[in-house]
Amino acid sequence: MFDSDEQISEADLIKHLRDMKLTAMNPTTDDLVLTALHQERDKKPRRKFNLSAFQSAVAVIVAVTVVVGGIGYETHVNHGEPFSTNNATGVSTLSNQTGVSTPNWNSSTLLQGQVIGVGNGHLVVKLPPSSHYSRNGNQTNRDMQIAKDTLMWTNGRLVSYSQTNELHQGDYFTAVVKIQNGDIIAEKIYGPVIQIYGRVTGEVDIPNHRIKVETMVWELGKGGTKQLVSNGNDVTILLDSHTSGTSMSKLNSGQLIQIEGFGSKDKKILATDISLINMQRYH
Amino acid sequence: MLDLIEEWYRQYGLDVFNYLVYRMGTKDVDDLVQETFIKALRGFRQFDNRSSPKTWLISIAKNVANDFYRKNRKRIISKPLSDELVVEQPIDRLLDSIDAKQVINQALHQLRPAYIEVVIMRGVLELPISDTAQALGWSESKVKVTWHRALKALRESLRNEETGHV
Chain A
12 MFDSDEQISE
22 ADLIKHLRDM
32 KLTAMNPTTD
42 DLVLTALHQE
52 RDKKPRRKFN
62 LSAFQSAVAV
72 IVAVTVVVGG
82 IGYETHVNHG
92 EPFSTNNATG
102 VSTLSNQTGV
112 STPNWNSSTL
122 LQGQVIGVGN
132 GHLVVKLPPS
142 SHYSRNGNQT
152 NRDMQIAKDT
162 LMWTNGRLVS
172 YSQTNELHQG
182 DYFTAVVKIQ
192 NGDIIAEKIY
202 GPVIQIYGRV
212 TGEVDIPNHR
222 IKVETMVWEL
232 GKGGTKQLVS
242 NGNDVTILLD
252 SHTSGTSMSK
262 LNSGQLIQIE
272 GFGSKDKKIL
282 ATDISLINMQ
292 RYH
Chain B
76 MLDLIEEWYR
86 QYGLDVFNYL
96 VYRMGTKDVD
106 DLVQETFIKA
116 LRGFRQFDNR
126 SSPKTWLISI
136 AKNVANDFYR
146 KNRKRIISKP
156 LSDELVVEQP
166 IDRLLDSIDA
176 KQVINQALHQ
186 LRPAYIEVVI
196 MRGVLELPIS
206 DTAQALGWSE
216 SKVKVTWHRA
226 LKALRESLRN
236 EETGHV
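Going line by line, the protein sequences match chains A and B. Those letters in the first sequence? Residues 12 to 294, by the numbering used here. Those letters in the second sequence? Residues 76 to 241, by the numbering used here.
These aren't lab readings, by the way, just hints derived from the structure by calculation. Please read these numbers as outputs of a predicted model, since none were measured by experiment. It is possible that part of the hints are untrue.
As the list claims (entries may be wrong) - No farther apart than 30 Å at their CA atoms in a straight line, the calculated lysine-lysine pairs in the DSSO-like style are these:
(1) B:K137 with A:K32
(2) A:K261 with B:K146
(3) B:K114 with B:K137
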């Protein structure tokens, strides 16, 4: 290529260097950078409290007035139980791109809890004590009404609740609800919350926010060792703007991951969190 | 502000990408491009219009690359740079082009860091001397001197690669 008997001229070298400029980025670069920029924008800025003594006193008086007056103010219900949703604002990127119905949280009506009973047209749900909907701060069992138009996220889309496997006693869930005359009525239910282990199979589909995974189960070996082995089932993991944990760009075929999300274990799971498994910890 | 950074990404993202590819010696630089633009978004108030946005972004990319090198010295794995080449070229020119890129890239990374920086900015990105000086935080005369010394060293390195001695 270059004549070894004679050194390449400076002009030729400069021309070669100019020609080295790549004319396109990787197919994944745009998606990664633009998504990250949007997520950065959606992060809530940290509020710096720097109150003077007078401002502090005013704040205390206002707080006391609110409590004594019993003002019923609907606050953001995101108490981190049974899991935490990392971002309760913003619009689902997945639903925009693929038409899959994923949560578009309305921060004033997000409810998380556990089903402790199944009634006729309603579920008895246990809410965390910190929840605004738990009466008097200690009555945490409430009825959540299932209406005719209540939807549930199943296999990648929202369908009528009656057409789903429904929630059962013990299931954790997240729901978008409305309050009518003090009753909690479910509009959209995302659940049950499940946790699975899996091995990434094939290509990580970043543009469509999907990962194919074979599900794994723990197997006990000799000497108390544990190992993950495939149970023969495949599942599609969907991600959206609320999915926290490991970025898709860091996932490769063959990697072991732990997924928390909504859905059936043998169908499509909407991931709320994905984390890589470090097998060295288990040996 | 986000709109402006997005616009800059569309305008200058490829320059940042090119800088990082040749700086790191691999095309696997998506994370670093991402980090560059996130830092630009977070540090937007520090942009004072004394340099062009492109120069400012490349100076951020330089710091991102330096941080990465510091933290991940052992992890950096080269990926062939030839897989993006345009295939419409006649095969003999294509092969020549593949060889040239690979050989120059290999020779480039034999050079000292200051030479690598100036060759990428002046040679590959074709930044003017003034912009290169701003991006590197050098004087313009230092850029000129280093650029000529770097070209000389690169030519020498290429000759050694061809003849098989280092």
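Results of checking the hints against the structure:
For the proposed pair K137 of chain B and K32 of chain A, the alpha carbon gap of about 17 Å is at most 30 Å, so the pair holds. At most 30 Å may separate the alpha-carbon atoms for a hinted pair to count; K261 of chain A and K146 of chain B meet this at roughly 17 Å. The hinted pair formed by K114 of chain B and K137 of chain B meets the criterion: a straight-line CA distance of about 12 Å does not exceed 30 Å.
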